[in-house]
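Quick mapping for you: the protein sequence lines, in order, are chains P and B.
Start counting at 1 in the first sequence, then tack on 2, and there's your number in the numbering used here.
Start counting at 1 in the second sequence, then tack on 23, and there's your number in the numbering used here.
Rather than coming from a laboratory, the hints here were simulated on the basis of the structure.
Ideal Cβ positions, reconstructed from N, Cα and C, are used throughout, including at glycine.
Mixed in with the good hints, there may be bad ones.
Stretches of chain B that chain P covers, calculated by requiring three or more beta carbons in the stretch to come under 8 Å of a beta carbon on chain P [unchecked claim]:
#1 92–101
#2 183–193
#3 198–206
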Amino acid sequence: MQFMTVSELMQAAQQLAIPLFLSFVGMVVLMADLVFDREDERRWPAYLTIAGLLGSLLLWVQSWYAYFPPAAGSRAASLLSTLRLLPAPITPEQRGAAFQGMYDGFGAFGHVPAMILLVLLIALIVTMLAPHYLEGRGLERGEYYALLLFATAGLVLMMGANHLILLFLAIELLSIPLYILAGFARPEMRSQEAALKYFLLGSFASGFLLYGIALLYGSTGTMLMGGSGSLREGLQATFEIASGGPNLMTLAGLTMLLVGLGFKISIVPFHQWTPDVYEGSPTPVTAFMVAGTKVGGFIALLNVIVTFEALYGFVAPLLAILALLTMVVGNIGALQQTNIKRMLAYSSIAHAGYMLVLLAGLMAIQISSPALQLYLAVYAMMNLGVFAVLLALEQSAGREVIELADFNGLGREHPVLALLLGFFLLSLAGFPPTAGFFSKLYLFTGAVAGGQRWLVAVAVVLSVLSFFYYARFIVAMFMQPAAEPTESDEGRERTAPSFMVGAAVAVTLLLVLGIGLFPNPALSLFERALQQ
Amino acid sequence: MLQIPYLLSILIFLPLVGALLIAFAPREWASRLALLAAVVTFLLSLLVVVNFEPVATMQFVERAPWITALGGTFQIEYFLGLDGITLWLVPLTTMLTALAVWFSSDHIRDREKGYYASLLTLQTGMLGVFLALDLFLFFVFWEAVLIPMYFLIGIWGGQNRLYATIKFVLFTMAGSALMLAAIIVLSYMAREQNQGLFFALDRLLPFSATITGTTGILLFLAFALAFAIKVPLFPFHTWLPDAHVQAPTAGSVLLAGVLLKMGTYGFLRFAMPLFPEAARAMAPVLAILAIIGILYGAVVAYAQRDIKSLVAYSSVSHLGFVMLGIFAINTQGFSGGVLQMVNHGLSTGALFFLVGMIYERRHTRDIDAYGGLWKVVPLYSVFFLITMLASVGLPGLNGFVGEFLTLLGAFLREPWWAAVATFGVVLAAAYMLKLFGKMMFGPITHEENRHLIDLTRKEVLILAPLVVLMILIGFAPNLFLLPMEPTLDALVQTVNQTGAVGLR
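Whole structure, please, built from the sequences with the hints as guidance.
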């Protein structure tokens with residue numbers, strides 16, 4: 003066992019600053035929750051969390067410029083240096099060096115920094131959605147925010163993990179808080195059911211993951227994913243020397259690894275938990291699962307696929323079959339749903355299928371990596387937009403808006419929010435000129451370049467079909483009359499959407515509309531690393 | 024004459040700005056704001072006609088990169104232009120929209136802001152479709168047209184509106200999804216010649232025109248399906264009667280007057296020049312489908328009891344003529360086809376207005392509920408008569424010129440096409456005269472009809488421009504045909520040869 007030198011430790015701290023800071027803020031929030039217990043102070047944990055996430059965004063800016071040093075004399079460079087914030091650049095040699103190469107915040111295609119930004123944004127938006135929801139149900143406990151921060155740290159580590167053990171630990175750091183959060187609405191049975199289901203099946207998947215890792219270690223003797231002495235190098239070398247097929251143990255280990263990850267991103271046939279858990283969990287938690295877990299899971303999957311590039315001939319057909327299954331089951335399943343959370347669960351499965359089509363044709367790296375990143379970003383923002391509008395509707399209508407019948411007549415009562423929801427749903431269906439359309443086109447172009455023409459054809463047909471289940475809610479809002487008011491409606495408390503929910507709606511709207519009309523800035527962010 | 028820079032962009036986006044203004048303005052202003060936006064757009068579109076040079080090149084071109092990725096090897100351009108094909112379609116669109124907005128101001132009382140915003144957004148989409156020269160940009164507008172129409176039918180439509188609107192969207196989307204796939208594949212196939220993925224029409228033409236064999240046929244069919252559904256070509260027409268019958272009057276007018284032309288336009292602008300060999304190979308098939316459509320539409324129209332669905336089926340028949348002219352692939356056929364697109368917009372647009380006007384008075388579209396209207400509402404009957412005769416193709420009115428040219432084109436290509444299609448003209452006379460006779464002549468069978476009010480001054484003003492144009496095109500067709508001719512001649516040449524010609 004080698005010990006790190008101080009400079010190595012500093013280096014590691016610089017690269018790990020964001021997850022470290024998030025965990026630190028999480029602990030501060032836990033403590034603060036004990037201090038702030040008066041009625042008028044109950045929002046403080048939320049405010050602290052938001053402050054912490056904003057702080058981590060600043061750290062992200064620094065780390066971005068450490069990975070991509072600004073051109074000398076550019077506006078960014080002069081601004082940062084006057085603020086004395088210009089970071090020491092991280093050279094390519096130092097990238098994988100943190101903790102003996104266990105963490106690489108840059109990634110094989112430099113895709114990790116942009117995705118960390120995305121995860122932080124997701125966490126920020128989910129935090130903004132929470133206070134009103136929790137207060138309305140008597141759940142305002144500070145642990146919520148602390149758990150959310152730990153899960154976010156887990157996401158960041160998961161995407162940057164360059165070692166299978168760290169990958170496993172990061173996934174656990176994400177999952178365990180999520181098990182608790184899923185059951186956060188404690189007296190409610192559905193929430194309990196969701197938590198238990200998620201926990202049981204999640205532990206099962208973790209078992210698969212761990213066993214896969216063990217098998218891989220047994221057959222190759224390393225758990226490093228990339229860099230010198232890693233699985234990636236070792237496998238490539240093996241294939242150059244002995245051209246015989248890979249040994250069974252490696253393949254079994256890899257398959258189990260994929261099963262474990264497939265569970266986290268709800269790929270068919272490991273998806274059964276998804277609708278129940280999404281339906282039962284508190285809505286902001288569902289939002290985090292739909293957006294955050296998917297981003298982290300897919301980036302981790304991408305990293306794993308790159309690690310096993312030498313076995314791509316084995317992995318690609320597997321991914322193609324999974325992609326087909328996932329798309330078909332997700333879209334068909336969504337057709338029957340009348341609960342918007344369940345519908346979004348199936349729609350998230352369908353979208354996972356589209357992304358798998360791209361991964362099944364990954365060889366055209368140049369377009370695949372930015373296409374996946376763009377798709378994940380847009381996918382996350384569209385879904386968060388839907389959830390944000392749902393929560394805003396809940397406030398203005400004074401009732402839960404979840405079942406299809408709840409949507410009847412909303413277009414007349416709350417035209418602006420209904421229009422916004424319609425916009426996000428059309429974007430999920432991939433209608434131009436929303437971001438959902440362009441990101442889908444870019445994804446499919448990448449998949450065509452990767453040689454998956456037939457899967458793309460299926461995906462295109464299925465995304466036409468998807469219009470049905472998204473439009474169903476639009477039809478209810480605008481084309482169905484409102485239900486007759488009942489007695490219980492009299493006493494309903496209707497309020498304008500709170501500032502934080504409104505801000506969440508605004509941010510997601512801006513991003514989905516902005517990326518739809520002018521995708522260039524987002525694209526240049528995701529392609530930045532490829533231009534080096 | 025007055026030259027305005029970025030004229031086409033202004034034309035496209037002015038209605039959208041109007042729609043946004045309406046969204047934020049008080050409800051009472053909605054119809055007036057919409058009318059203002061629509062009229063200004065119409066007046067600006069006249070500048071296109073005035074400044075148009077009768078040559079084959081693209082005019083009023085605007086071009087800038089829109090989406091650039093992968094270090095410039097993936098580029099979608101904001102590329103607009105207008106030539107002889109679209110010269111008359113653009114003012115037709117702006118005029119019908121303005122009239123539709125004006126007509127609606129008396130009849131729409133429910134959620135007006137949404138209604139007018141939808142109408143104007145629809146206009147933005149329609150103009151974008153006609154003016155976009157980048158395949159991706161074109162596709163964006165093509166799909167963008169669906170959403171406002173979806174709402175127009177679904178919210179302000181008739182009894183069975185939900186079924187009609189979903190059917191309309193699903194049919195169109197099914198076709199356009201394949202077109203999108205074809206666009207991606209085409210751009211990908213051309214990547215070596217173009218050094219990257221490009222979507223502008225003039226960058227793809229030189230490559231795509233050399234595609235031969237099955238690949239060409241498949242790509243052509245993917246485009247053709249999307250357009251054929253929109254036209255609608257038999258047997259893809261089943262969405263049309265539902266959508267027409269359920270749509271509010273303004274929706275029907277724009278659906279028949281403009282949206283259907285997006286399909287025929289797509290053939291002329293994209294499907295045929297991109298894949299000339301495939302287009303020539305498939306021309307007999309499409310022409311025969313068009314002929315079936317002409318006859319089938321006419322026969323079914325004859326059997327209708329609902330005025331609106333009669334007019335809807337007559338559209339299937341009329342668009343059959345347009346398609347027949349286009350797939351004759353000669354100058355006569357093209358000129359006849361394009362002129363017939365305009366003619367159908369005028370006459371069917373007017374017919375839907377007329378149906379809407381009588382429906383607002385009697386609240387029924389059953390033909391049998393009328394009879395003897397000639398004595399009660401003479402002015403209405405006269406307008407109906409002229410429009411009906413234009414639609415039938417009486418010499419001296421616009422329909423005659425268009426149908427004659429398409430039939431001439433078809434005759435030059437394949438005499439029996441023309442011979443069979445001519446029966447469509449006879450059948451059109453049969454169903455239209457039956458409709459007119461039942462509604463206007465004979466005794467007054469229903470008491471309610473005795474006290475109908477004749478056309479108001481506003482209604483006359485809505486119909487007048489349409490009728491004036493019908494007569495004008497009928498008497499001076501060359502005024503409209505000659506400016507288009509260079510473009511259409513060049514297009515015939517492009518489609519008749521395999522190999523690169525490029526966009527002029």
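According to a criterion of three or more residues whose C-beta lies within less than 8 Å of a C-beta of chain P, is the stretch 92–101 of chain B covered? holds (count 4)
Against chain P, does the stretch 198–206 of chain B show at least 3 residues with beta-carbon separation below 8 Å? holds (count 4)
Holds or violated: the stretch 183–193 of chain B covered by chain P, criterion of 3 or more residues with Cβ-Cβ distance under 8 Å? Since 6 is at least three, the answer is holds.
In summary, the structure agrees with every hint in the numbered list given earlier.
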